[in-house]
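**Q** Protein sequence lines, in the order shown, are assigned to chains A and B. Counting with the working numbering, you get residues 1 to 110 for the letters of the first sequence. Counting with the working numbering, you get residues 1 to 117 for the letters of the second sequence.
A hint or two may mislead.
Stretch by stretch, here's where chain B covers chain A in the computed footprint (C-beta under 8 angstroms, at least three residues) [claimed, not checked]:
| no. | stretch |
| --- | --- |
| 1 | 42-52 |
| 2 | 101-107 |
Computed list of lysine-lysine pairs in PhoX-like fashion (alpha-carbon distance at most 20 angstroms, straight line) [as the list claims (entries may be wrong)]:
| no. | chain 1 | residue 1 | chain 2 | residue 2 |
| --- | --- | --- | --- | --- |
| 3 | B | K44 | B | K62 |
| 4 | A | K1 | A | K102 |
| 5 | B | K27 | B | K44 |
| 6 | A | K102 | B | K44 |
| 7 | B | K44 | A | K1 |
| 8 | A | K68 | A | K53 |
If you're looking for bench data, these hints aren't it; they were derived computationally from the structure. All residues carry an ideal CB built from backbone N, CA and C; glycine is no exception.
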Amino acid sequence: KNEVEQSPQNLTAQEGEFITINCSYSVGISALHWLQQHPGGGIVSLFMLSSGKKKHGRLIATINIQEKHSSLHITASHPRDSAVYICAADSGGGADGLTFGKGTHLIIQP
Amino acid sequence: NAGVMQNPRHLVRRRGQEARLRCSPMKGHSHVYWYRQLPEEGLKFMVYLQKENIIDESGMPKERFSAEFPKEGPSILRIQQVVRGDSAAYFCASSVTSGIGSNSPLHFGNGTRLTVT
């Protein structure tokens, strides 16, 4: 069974700061997902990656398969980035095989 | 093209009552997944359904919980004789195919927050 750990659990930063959220997992995976859960509760899929790096706007996700570690970076953070960021390990069995971290609560203060 | 629709957004039930949570997947999606998010816990997989079939229910509690995805209409997650420990956010997600990837991303609904009093 995969164990997914995220750090930090809570993060408060000032607007404009560079943000890094970390995710480590214990068992090899086929892909790693990053999700964003808005204050209202809705969940949006941000990235799915199996190697290297992906970028979308101010968000960058990287993964190191050998080290079983992924990071989500936010450049030029903004208060609207305030949300819970969740990583999920995909063991290759599809969405029924996802193991989720507990999430990182991010608050960006103006 | 509407996203994954869940209703109700909030549901309050007294202990012993039944809770019915509905999920309409995105148009064209025939794969539906239910997840539960307990307070201070990560999302946990409950059940995976295709039209009229339960594919994987390994995450469902053995008693009181059931799910269906009929040929017509939304997927339903049903909890009988609710207890306080059932209070949680229940999320539904859908995809085009069974394997999720860049060509078949997973789309989540806004969740139903169940409170048992």
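**Q** For every hint, state whether the structure bears it out.
**A** Evaluated hints:
With a threshold of 8 angstroms between beta carbons, the proposed coverage of the stretch 42-52 of chain A by chain B holds, since 5 of its residues qualify and at least three are required. Only when three residues or more bring their CB closer than 8 angstroms to a CB of chain B does the claim for the stretch 101-107 of chain A stand; here the count is 3, and the claim holds. The hinted pair formed by K44(B) and K62(B) meets the criterion: a straight-line CA distance of about 15 angstroms does not exceed 20 angstroms. For a cut-off of 20 angstroms, the pair hint linking K1(A) to K102(A) stands: about 16 angstroms separates their Cα positions.
Restraint check for K27(B) and K44(B): not satisfied, since their Cα atoms lie roughly 25 angstroms apart, outside the 20 angstroms limit. This hinted pair checks out: K102(A) and K44(B) have alpha carbons roughly 10 angstroms apart, not beyond 20 angstroms. At roughly 13 angstroms between alpha-carbon atoms, K44(B) and K1(A) fall within 20 angstroms of each other, so this suggested pair holds. For the hint pairing K68(A) with K53(A), the CA-to-CA distance comes to about 14 angstroms; that is within 20 angstroms, so the pair holds.
When held up to the earlier numbered hints, the structure conflicts with hint 5 and nothing else.
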